[in-house]
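Number of protein chains: 2
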Amino acid sequence: MHEKKIFLKEQEMPRKWYNLAADLPTPLLPPLGPDGKPITPDMLSTVFPMNLIEQEMSSNRWIDIPTEILEILYRWRPAPLRRAVYLEQYLKTPAKIYYKDESVSPAGSHKPNTAVAQAWYNKQFGIKKLTTETGAGQWGSALSFACCLLGLECKVFMVRVSFDQKPLRKAMMMTWGGKCVASPSPETEIGRKILKEMPNTPGSLGIAISEAIEEAVADKTGKTRYSLGSVLNHVLLHQTIIGLEAKKQLELVKEKKVDVVIGCAGGGSNFAGLAFPFVNDKIHGKKIDIIAVEPSACPKMTRGIFTYDFGDCAGMTPLLAMYSLGHGFIPAPIHAGGLRYHGMAPLVSQTIVEGLVTPRAYDQVKCYESAILWAKTEGAICAPETSHAIACAIDEAKKAKDEGKEKVILFNYSGHGLMDLMGYEKFLTGQLQPYSLSDGELNDSIAKMKDLPKAKACKTGKW
Amino acid sequence: MHEKKIFLKEQEMPRKWYNLAADLPTPLLPPLGPDGKPITPDMLSTVFPMNLIEQEMSSNRWIDIPTEILEILYRWRPAPLRRAVYLEQYLKTPAKIYYKDESVSPAGSHKPNTAVAQAWYNKQFGIKKLTTETGAGQWGSALSFACCLLGLECKVFMVRVSFDQKPLRKAMMMTWGGKCVASPSPETEIGRKILKEMPNTPGSLGIAISEAIEEAVADKTGKTRYSLGSVLNHVLLHQTIIGLEAKKQLELVKEKKVDVVIGCAGGGSNFAGLAFPFVNDKIHGKKIDIIAVEPSACPKMTRGIFTYDFGDCAGMTPLLAMYSLGHGFIPAPIHAGGLRYHGMAPLVSQTIVEGLVTPRAYDQVKCYESAILWAKTEGAICAPETSHAIACAIDEAKKAKDEGKEKVILFNYSGHGLMDLMGYEKFLTGQLQPYSLSDGELNDSIAKMKDLPKAKACKTGKW
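From first to last, the protein sequence lines stand for chains U and S.
Everything in the first sequence is counted per this note's numbering, starting at 23 for the first residue and increasing by one.
Everything in the second sequence is counted per this note's numbering, starting at 23 for the first residue and increasing by one.
Treat the hints as calculated values from the structure; they're not laboratory data.
All of these numbers come straight from a predicted model, not from anything done at the bench.
Don't take each hint at face value.
[To be verified] Below, computed lysine-lysine pairings styled on BS3-like, alpha-carbon distance capped at 30 angstroms:
id : chain 1 : residue 1 : chain 2 : residue 2
1  : S       : Lys151    : U       : Lys448
2  : S       : Lys448    : U       : Lys448
3  : S       : Lys278    : U       : Lys27
4  : U       : Lys398    : S       : Lys398
5  : U       : Lys201    : S       : Lys388
6  : U       : Lys38     : S       : Lys31
7  : S       : Lys398    : S       : Lys420
8  : U       : Lys398    : S       : Lys38
9  : S       : Lys38     : U       : Lys150
10 : S       : Lys145    : U       : Lys27
11 : S       : Lys31     : U       : Lys278
Only chain U is shown next, with the shape it has when bound in the complex (with noise of 0.2 angstroms):
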């Protein structure tokens, strides 16, 4: 009998978040200002505070979390490590499953692994308030969850579908005194322009993005900020946990190799929290599979271009070297909320031009399958965004057989699905059809992006 549960002690979590921007072969290339050269830290101030600048930007390898981080962290951290045993006997594999579980959070995700940060190293700053955005509402949630512990208020513009999709999203945020309102919102400048050209938009991530950001640059006190899921540089850093975490335990149970890493992919944070230190250890020489999972109806890095875009709908931030489906693109309301994102993290955008991590995309009737089956064998109920690993996991392991190799594959379980459940409703019931960006729309989003400034894609280690 296999232990299918493993867990760390709180003096085992790690102490220092893993920052790959250390090691990447070739550096990042800089994000860009209005005047298409690289910002200073000076012209991020009004959106994020100082402390956070500096690591977004810092190119140490290892940075201390704050014991007070920790303190809050350990409600639910470290995460178990699980061992999927019963999907591996459905499948009939030789390969070990094993998943990160970040369901066990307080909001269900990985999300406040950075909430928390944020929330306390903006708090350290003085700042009083903070802004998101959301999709699916696990990263609403996790901010509404992390300034409630820190005494900040906390103020969420939820795309419109998943909050239409997911109501018990937003009683969530008001458990945890967060104040979550649907995207567009009459509620700002931004908000109001989209209403009145398009009042039947299903909304988008970077239209949200755009609307928070305004509320937060809009209080002249400065003691209001804005705060970011995933995408960039400090949020992945964040979630670096994860995978440190995951490798601690993988040594608890004597795996010396792992074969196949696996996450889905929206902005970038959950895949880059577990897959990080794995993509190090292959720039060390390791011999590892890392792959990216996305939605096929929002496929920025298997059918994207890499090129300097803006993060958000109304281009209200930096320019930013990553793959791309043109921050004007609006996804089809796929029920995995989570990844209905235009662009990637520039450092997993970078991690795909090296060659270090593979980018693949699913379908989502193909994804909701996969989702059924692990409620069938291993029980759980999974989210839309998680589902997407699964399915990858399971094509892995087929492979698996069909080689007669024992591989270890590990993936990270982001969130559960307990309040996604009308999407499995809509599957279940036949009213989910297959779905894939056609080439019409990706062209036509794409071309709109040729005034921007061009982003070589460079794996030589120098741009």
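Please arrange chain S on chain U, whose structure you already have, making use of the hints.
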């Protein structure tokens, strides 16, 4: 720093259930048939499989847990014991507050502990389909989950008020292959009768039980049985794994003495599951306060009578000796749907008669206030049912502070509230008022029981 999560390994999980019937100072009064005479096992055989009927009537102190059941429970068990240090700090109490976290099961509560066992015994007996009722949806989800893993068909009658309040529960049951309908339903004779008389009734557990039994008994192939989520001896038996695990975990952290044990109580199973191993200690001389908490809207233990009464609305079950508000009682539609039951398990009722357990009633507003305080300190969002136990734990921790005593308080965190958040929203927007059953309603309901056989409460050791 105190470890806040106390885990057991799989091999440390209890191998036997504890049967309090073996240790009660006064034996249980027997269930009675329609003729007023004690029922025989045969009389239950169209409703339950014989192996569970034997368990129901067993007076063995310890009953082996079959290995196949353990293997399924390992998906989430042993469940963690946690310490609520953040709540302790907020309350500035010298008390230590431990809680057994049953919310970690795939269905979100303690219910799968018995659902898996019941489905397994039914399958052993050759049964192909189970019918049941559900209040808040926790039990229906749990049985759907268990039937899914064991390859049985599952049909759930869900109390209408909860069916409407919690649509995600239906989707959850569907994900595991269960079929869920609102009760009263047009699918049974009793359902049609009640719908005709009271088309707008919120329903009750008593009604739903009648419908589920009717459907089970109506299958003339003999391959369908009924499954109950609480109340009966064998159900409480399966839940004792909770308290047995908790004892081992308290030993691990060197807690030699528990002062207060608390559980919320609807039918009595989560309460009994945690409390009965400690009731045994109390019978053998230990000083422990053991508190069963009910809602003031459905106060059978604090204001009902000890009597013979039916377990269901239509009078299809045997008569059970228990605290009851009358089998026709329809509780107000409070959000703690799992506590909306007119009676209390005979085993729990007898511990109250004996003075081993103290009942206490709390109002829903006080309970939601406690749930919010819990979310804002510990982080997690509890089920409305569980909030009753938390409210009591808070009161006991305050009392310990007043007395200046370093007490050890243990309660059962019976389930999470992620699918019950509409109740939180109603509370937070001022839509919920305190509610207690009026004397008039209480007396009317109790008066209707006047023709039932009397059950003399006895605590002298012999009836």
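Hints and how they fare:
1. S:Lys151 x U:Lys448: The given pair, whose Cα atoms are some 25 angstroms apart, holds under the 30 angstroms limit.
2. S:Lys448 x U:Lys448: Holds. S:Lys448 to U:Lys448 sits at ~27 angstroms (cutoff 30 angstroms).
3. S:Lys278 x U:Lys27: Holds, at roughly 27 angstroms.
4. U:Lys398 x S:Lys398: Violated, because 34 angstroms separates the two Cα atoms, which is more than 30 angstroms.
5. U:Lys201 x S:Lys388: Holds, because 23 angstroms separates the two Cα atoms, which is no more than 30 angstroms.
6. U:Lys38 x S:Lys31: holds, 28 angstroms
7. S:Lys398 x S:Lys420: The given pair, whose Cα atoms are some 18 angstroms apart, holds under the 30 angstroms limit.
8. U:Lys398 x S:Lys38: Between U:Lys398 and S:Lys38 the Cα gap is close to 27 angstroms, so the pair holds against 30 angstroms.
9. S:Lys38 x U:Lys150: Violated: S:Lys38 and U:Lys150 sit about 54 angstroms apart, past 30 angstroms.
10. S:Lys145 x U:Lys27: holds, 28 angstroms
11. S:Lys31 x U:Lys278: holds, 22 angstroms
When held up to the earlier numbered hints, the structure conflicts with 4 and 9 and fits the remainder.
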